[in-house]
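Chemist: Residue-level listing of the chains:
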Amino acid sequence: MNATTRLDRRLESFLRMNAAVAGSITIGIVAYLLLESLPALHAVGPLRFLTDPSWNPVHGAYNVVPMVVGTLVVTVGAVLLAAPLAVASAVFGRFYVRGALSKLQRRVLETLAGVPSVVYGLWGLMVLVPALARIGPPGQSVLAGVLVLALMILPTIALVSDTALGAVPEIHLRGAAAAGLSRWAIVRSIALPTARSGILTGILLGTGRALGETMAVVMVTGNVAQIPDGVFAPVRTLTANIALEMAYATDAHRSALFVSGLVLALLTIGLVAVVDRIAQSTGQDGGRTGVV
Amino acid sequence: MWFRLRPSSWFDPAWRWRVLSAPHDAVAHLAMWSASLAVTGVFVWILIDVLSHGASHLSLELLTAAPADAGRQGGIAPILVSTVLILAVCMAVAMPLGLCSAVLLSEFSRSTSGYGRFVRRSLDVLAGLPSIVFGLFGYAFFCHALGLGFSILSGGLTLACMVLPVLIRSVEAALQAVPDDIQTASAALGLSKTTTIRSLLLPAAAPGIAVGLILGIGRALAETAALLFTSGYVVRMPGSLFDSGRALSVHIYDLAMNVPGGDGMAYASALVLLGLLLGMNALATTLVQRWQKSKGLVFG
Numbered sequence: 001m002n003a004t005t006r007l008d009r010r011l012e013s014f015l016r017m018n019a020a021v022a023g024s025i026t027i028g029i030v031a032y033l034l035l036e037s038l039p040a041l042h043a044v045g046p047l048r049f050l051t052d053p054s055w056n057p058v059h060g061a062y063n064v065v066p067m068v069v070g071t072l073v074v075t076v077g078a079v080l081l082a083a084p085l086a087v088a089s090a091v092f093g094r095f096y097v098r099g100a101l102s103k104l105q106r107r108v109l110e111t112l113a114g115v116p117s118v119v120y121g122l123w124g125l126m127v128l129v130p131a132l133a134r135i136g137p138p139g140q141s142v143l144a145g146v147l148v149l150a151l152m153i154l155p156t157i158a159l160v161s162d163t164a165l166g167a168v169p170e171i172h173l174r175g176a177a178a179a180g181l182s183r184w185a186i187v188r189s190i191a192l193p194t195a196r197s198g199i200l201t202g203i204l205l206g207t208g209r210a211l212g213e214t215m216a217v218v219m220v221t222g223n224v225a226q227i228p229d230g231v232f233a234p235v236r237t238l239t240a241n242i243a244l245e246m247a248y249a250t251d252a253h254r255s256a257l258f259v260s261g262l263v264l265a266l267l268t269i270g271l272v273a274v275v276d277r278i279a280q281s282t283g284q285d286g287g288r289t290g291v292v
Numbered sequence: 001m002w003f004r005l006r007p008s009s010w011f012d013p014a015w016r017w018r019v020l021s022a023p024h025d026a027v028a029h030l031a032m033w034s035a036s037l038a039v040t041g042v043f044v045w046i047l048i049d050v051l052s053h054g055a056s057h058l059s060l061e062l063l064t065a066a067p068a069d070a071g072r073q074g075g076i077a078p079i080l081v082s083t084v085l086i087l088a089v090c091m092a093v094a095m096p097l098g099l100c101s102a103v104l105l106s107e108f109s110r111s112t113s114g115y116g117r118f119v120r121r122s123l124d125v126l127a128g129l130p131s132i133v134f135g136l137f138g139y140a141f142f143c144h145a146l147g148l149g150f151s152i153l154s155g156g157l158t159l160a161c162m163v164l165p166v167l168i169r170s171v172e173a174a175l176q177a178v179p180d181d182i183q184t185a186s187a188a189l190g191l192s193k194t195t196t197i198r199s200l201l202l203p204a205a206a207p208g209i210a211v212g213l214i215l216g217i218g219r220a221l222a223e224t225a226a227l228l229f230t231s232g233y234v235v236r237m238p239g240s241l242f243d244s245g246r247a248l249s250v251h252i253y254d255l256a257m258n259v260p261g262g263d264g265m266a267y268a269s270a271l272v273l274l275g276l277l278l279g280m281n282a283l284a285t286t287l288v289q290r291w292q293k294s295k296g297l298v299f300g
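Protein sequence lines, in the order shown, are assigned to chains U and C. Here the first sequence is numbered in our numbering, starting from 1 and rising by one per residue. Here the second sequence is numbered in our numbering, starting from 1 and rising by one per residue.
These aren't lab readings, by the way, just hints derived from the structure by calculation. The beta carbon of each residue, even a glycine, is placed where N, CA and C say it ideally should be. Each hint should be verified, as a subset may be incorrect.
Claimed, not checked - On the chain C side, residues computed to face chain U include the following (Cβ under 7 Å): (1) S36; (2) T40; (3) I46; (4) S52; (5) S101; (6) L126; (7) P130; (8) F150; (9) S192; (10) K193; (11) L202; (12) F242; (13) D243; (14) A270; (15) L277; (16) G279.
Please build the complete structure, drawing on both the sequences and the hints.
Modeler: In structure tokens form, the structure reads like this:
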């Protein structure tokens with residue numbers, strides 16, 4: 001008996017050690033980003049990131065406002081476009097078709113969620129950008145970024161919403177149907193309000209994905225560091241800026257890229273915290289639906 | 001969950017009356033169908049686009065030859081080798097770490113609840129971090145601080161950090177799907193927890209763990225941004241794990257963006273990548289289905 005408890009205790013401490021490594025990766029990442037950001041925060045200072053005339057690190061100008069605006073515009077656009085479509089897809093799969101069609105629809109969404117971002121980027125660059133160029137040159141633009149990103153985050157939002165809609169108690173739905181409500185009335189006044197927090201979680205997860213997406217955005221947005229003056233203007237996001245300049249950046253420039261990485265990390269951590277809060281307040285396991 | 005409301009046909013007077021008296025319902029019906037068809041349509045569009053442009057370049061040479069003319073000609077053999085090596089490093093590190101963490105979280109977390117909560121919270125954050133942030137971390141930590149440089153090792157280790165949360169979640173779900181009876185019975189027999197885990201829980205959860213591994217490999221295979229400046233761009237056949245090696249997804253990016261006239265081979269590489277990913281998805285689905293049928297368990 002004594003030997004087995006000792007064995008168990010040894011196993012537990014071994015497992016604890018492993019979990020400690022796994023758990024400390026996050027801390028390590030934030031710590032390293034902070035460490036690498038310090039030189040830029042020292043040499044350039046936080047204020048100059050907002051007040052410098054432009055982003056031109058080779059000549060010592062570090063204005064990141066165009067990239068922040070670019071990231072926000074593309075992300076917000078993508079979420080506004082994807083969220084209604086995604087929720088409609090989820091409602092469709094749950095309440096408007098059944099059997100094989102419903103299963104097929106879910107399979108399509110799951111497959112879309114697994115398509116690599118570089119393939120979305122390739123499709124965007126080869127198909128979408130030339131098509132947009134015919135309407136409003138140069139084609140590589142805010143709009144192209146919004147469309148590709150919307151497509152990328154749609155499956156995430158749809159699958160999480162689908163899970164949330166599946167958790168609506170069947171007796172409520174049957175009761176409403178027995179009371180003679182139309183299908184749309186049931187969806188609008190029973191299913192959607194009940195699944196609200198789950199759907200919100202899906203939208204926040206999608207927002208996080210859009211915020212951090214790099215490859216697809218680099219390939220279709222044109223990457224000009226300017227505040228866009230329309231949907232057909234090219235734009236550069238924070239993530240694209242890192243991907244494009246990291247290869248040759250040195251000293252303060254390199255460190256400035258780490259600052260933008262740190263900002264991105266903190267933003268996504270904030271989103272995760274909000275999702276966590278929602279999950280706790282509703283007692284649902286919002287973030288752990290097996291989608292992300 | 002499906003419940004039949006009324007027979008829905010224009011020829012049915014009752015249905016016609018419903019549509020005319022409740023136009024919202026009809027509009028919603030139409031909207032749901034069009035939204036779903038649009039999503040499926042775009043999916044089919046992407047698939048056909050990649051298939052039609054990539055299929056013409058598909059040949060045995062693609063898989064066996066080295067790239068020539070900056071990748072416009074030849075094949076992708078060294079790139080496939082680099083990709084496999086990066087994945088091998090990634091899984092060799094992430095698998096034991098993930099398995100141990102998942103067992104701790106699922107089997108010991110009540111006794112270590114504060115600690116378990118910390119690890120869980122931290123993994124949730126890790127799962128949400130953008131891949132480019134992993135790339136920055138890998139570049140600063142593995143390439144520079146540990147002195148591994150642009151290498152397959154750096155890339156694999158960076159990816160290991162990335163897939164760890166996915167892996168742990170799937171394995172945890174698989175462990176939790178094992179019926180509690182097994183543990184109760186084994187405790188009643190006086191077996192130690194170690195024996196229970198090793199000889200009962202892990203074998204019972206093995207198919208679910210396999211699914212988790214496949215999902216993890218899929219996630220790693222699809223990744224580009226984290227590899228750009230950790231495993232590098234070099235297209236030579238790698239001689240060791242300390243050599244730089246270009247992953248398949250990075251190859252697609254480079255051909256599409258930096259090589260004029262490289263789009264044919266970019267599509268061919270994308271087709272290979274998609275084929276691998278869809279194949280693995282199908283494998284995972286079959287495994288889950290077979291497992292559920294044989295055990296009567298519900299995964300996930």
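Chemist: Compare the structure with each hint and give your call.
Modeler: Structure-based check of all given hints:
1. Here the hint on S36(C) is kept, as its CB sits about 4 Å from the closest CB of chain U, short of 7 Å.
2. Checking T40(C) against chain U: minimum C-beta separation of about 5 Å stays under 7 Å; hint holds.
3. Against a cut-off of 7 Å between C-beta atoms, the interface hint on I46(C) holds, since the closest Cβ of chain U lies about 5 Å away.
4. Interface restraint check: S52(C) against chain U, minimum CB-CB distance 11 Å, threshold 7 Å, status violated.
5. Proximity of S101(C) to chain U holds as hinted, the smallest CB-CB distance being about 4 Å (cut-off 7 Å).
6. For the restraint placing L126(C) at the interface with chain U, the shortest Cβ-Cβ distance is roughly 5 Å, inside the 7 Å limit, so the hint holds.
7. With its C-beta approaching chain U no nearer than about 2 Å, P130(C) sits inside the 7 Å limit, and its interface hint holds.
8. Interface hint at F150(C): violated, since its Cβ lies 10 Å from the closest Cβ of chain U, which is beyond the 7 Å cut-off.
9. At a threshold of 7 Å, the smallest CB-CB gap from S192(C) to chain U is about 4 Å, leaving the interface hint in force.
10. Proximity of K193(C) to chain U holds as hinted, the smallest CB-CB distance being about 5 Å (cut-off 7 Å).
11. At about 12 Å, the closest approach between the beta carbon of L202(C) and any beta carbon in chain U exceeds 7 Å, and the interface hint on this residue is violated.
12. A least Cβ separation of about 20 Å between F242(C) and chain U goes past the 7 Å threshold, and the interface hint is therefore violated.
13. Restraint check, D243(C) versus chain U: the minimum CB separation of about 18 Å is more than 7 Å; hint violated.
14. Interface restraint check for A270(C): the shortest CB-CB distance to chain U comes to about 5 Å, inside 7 Å, so the restraint holds.
15. Because the beta carbon of L277(C) sits about 6 Å from the nearest beta carbon in chain U, less than 7 Å, this interface hint is met.
16. A cut of 7 Å between beta carbons decides the hint on G279(C): the least distance to chain U is about 11 Å, and the hint is violated.
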